[in-house]
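Student: Given the structure of chain Y, go ahead and fit chain R onto it with the hints provided.
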Amino acid sequence: MLRIRNLESGYGTLRVLKGVSMHVNPGEIVTIIGANGSGKSTLLATVSGILRPAAGEILFGGDSISGLPAEKTVHRGCALVPEGRQIFGTMTVKENLILGAYPARKKLGRDGIKAGLERIYGYFPKLKEREGQLGGTLSGGEQQMLAIGRALMSGPRLLMLDEPSTGLAPIIVKAIFRIISRLRDEGNTILLVEQNARAALAVADRGYVIETGQIILEGSSGELLNNNDVQRAYLGKDYKSISE
Amino acid sequence: MIYNPEYETMPREEIEQLQIERLQTTLNRVYRNVAFYKNKFDEMKIDIGKIKSVADMKELPFTTKEDLRESYPYGMFAVPLKDIVRIHSSSGTTGKPIVVGYTKNDIQHWSAMTARLLAAVGINEHDFVQIAFDYSLFTGGFGFHYGAERIGASVIPSSSHGNIQKQIFIMKDYKTTALLSAPSFAVEVANKIREMGIHPEELKLRYGLFGAEPWSDELRGRIEDNLHIDAYDNYGLSEVMGPGVSGECPEKNGLHVNEDHFIIEVIDPKTLLPMPAGSEGELVFTTITKEGFPLIRYRTGDVASLMEGVCPCGRTFARMSRVTGRTDDLIIIRGVKVFPTQVEEILLKAEGATPRFRLIIENRDGLDELEIQVEVSEKIFNDEIKNLLNLKGKIAGLIEEELGLAVRVTLVEPETLGGNGEKRVVTGK
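Residue numbers (this note's numbering), protein chains in the order written: chain Y, 1 to 244; chain R, 1001 to 1429.
The following block holds chain Y by itself, in its conformation from the complex (with noise of 0.2 angstroms):
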């Protein structure tokens, strides 16, 4: 569905992405793991079109979207959650909602769209209760939560999610992770970016680990999760817990 190769980008003279290539086939999770200012976001709003790539291909569905604009490219049905959930605290969670539709209007329709508000509220129960409220007097979780329901609005090929964990408890983490799964059980496709690399790893099928802007391991959720690097680095285990 999604495949980059030698994918360059940054900001300003700035190289972040120093010749990245990957891929997520249809029905996957798979997830890029790293620690802060690893390329990680860097990555996902290059795909998503709020950065111009510098150099290499990205194809998606088989065409390329390389440079496209944000908009565009979610019209081909390329959606992001962003990093810190940016959703509008002065519009009521459902007016937020609805916003997410926005580029799917036209496909949608007005069935559509109530359709897509009754799918999102059962995913998310917490929402429909919270309907009229303004998005700003939400919690931590439930902001993540609309920012989630918002991408899914325009019914997106491609859910790519930037750093979901940031910032919420852990049983609110574990409730976003469950959702995560449960949507990619249903058919979705989803691009995970994760510091926690524990978490993410527990939901996705693949995985990626990058390191200043260069991919240094690949392979199953598995098989990172058995790679003793990934482990020191990520998965907060020292040499003595590793052995035991």
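Just so you know, not all the hints are guaranteed correct.
What the hints assert, rightly or not - With a cut-off of at most 30 angstroms between alpha-carbon atoms, the simulated DSSO-like pairs for lysine-lysine come out as follows:
hint	chain 1	residue 1	chain 2	residue 2
1	Y	K18	R	K1058
2	Y	K18	R	K1040
3	Y	K18	R	K1050
4	R	K1052	Y	K18
5	Y	K94	Y	K106
6	R	K1038	Y	K18
7	R	K1204	Y	K18
8	R	K1065	R	K1040
These are computed hints drawn from the structure, not numbers from a lab. Bear in mind that the values here come from a model prediction, so they are computed numbers and not experimental data.
Tutor: Here is chain R on its own, set in the frame of chain Y:
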């Protein structure tokens, strides 16, 4: 049966994507973790970021057996030693051995790859698999063992030493259905059962997976007839992983390379340029998933070609022809690797012998036998017969001790093997 259809039948363009991802990942890791590669790439001013496709590989330097020897024992490992869970090594009769390390994931991948070979020819959980490869530092025994267990077969780790009669009793009584060994071992079995008066049908053998030494299609036919089995070729080498690098499918027409783990190239050993499909050259492998002991463009010294066309079995992995020879003067006799220089070194230790010799490989009943003709010195030639016999015994003993191979030694008169310049001639008879 196709064991891993999601990989083994993957469309070519997806294989290519997988290979470039894994190649770049491997390059990033070896550059960070293996001093040999970091120094080499820096020295040659190779920017690994410029490797944007599998075709760009030709910009990368080769790795040779010498490089591996010089890194003895652990210089080429790409992970901390505590992450290594298994070590194998070459015999190291000449110079230092090559030591290879595997992580947990490496062992998992290896098991899956040997499982593919067995599943490909039809072996499953109902089979009794007798593994007559050494369980030792040599990769043969353990490499197949884990794959056979993985598909659920009943594994009989009979190993290759011990007497052949005992192996045959095991084969008969334990109802072995698949024999995994060197082809020469299968020939010995065939010869011995004839001698013992056992009809092949009294055995339950149906499959033979043979490797570790080059063998011909003609020998395949003979083994199949004499043991009433289907015999398949497979290929591997411990530097790259061990058995499971490639193997035949039921078509018996080329060995499918596990391209999700290795990139194969065939080069002209003189110009080092790539050879077109269908032309023979030296096999070169790059590992793209190995964690413990990754190798970039390793020159194997084995001669074969890449095959053209698509295999009717459904696998999309590239096929290599059967190995037809070596680029160097390595001789493989019944799985034992012998370089003529090793013989020379041994002869230098035997007083009365000269380092002038000739190796003669003779095929008897499908079994290769090695004869060493040694030129003796003038002095001992005129000595008593007893001393000549002693010398003969001494050379044979030294060779068996150092190479692990029983050979026939013949002494020849001084100056008969083509003078001082001509040290060795290898003849196939």
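Student: List, from low to high, the hint numbers that the structure doesn't satisfy.
Tutor: 7
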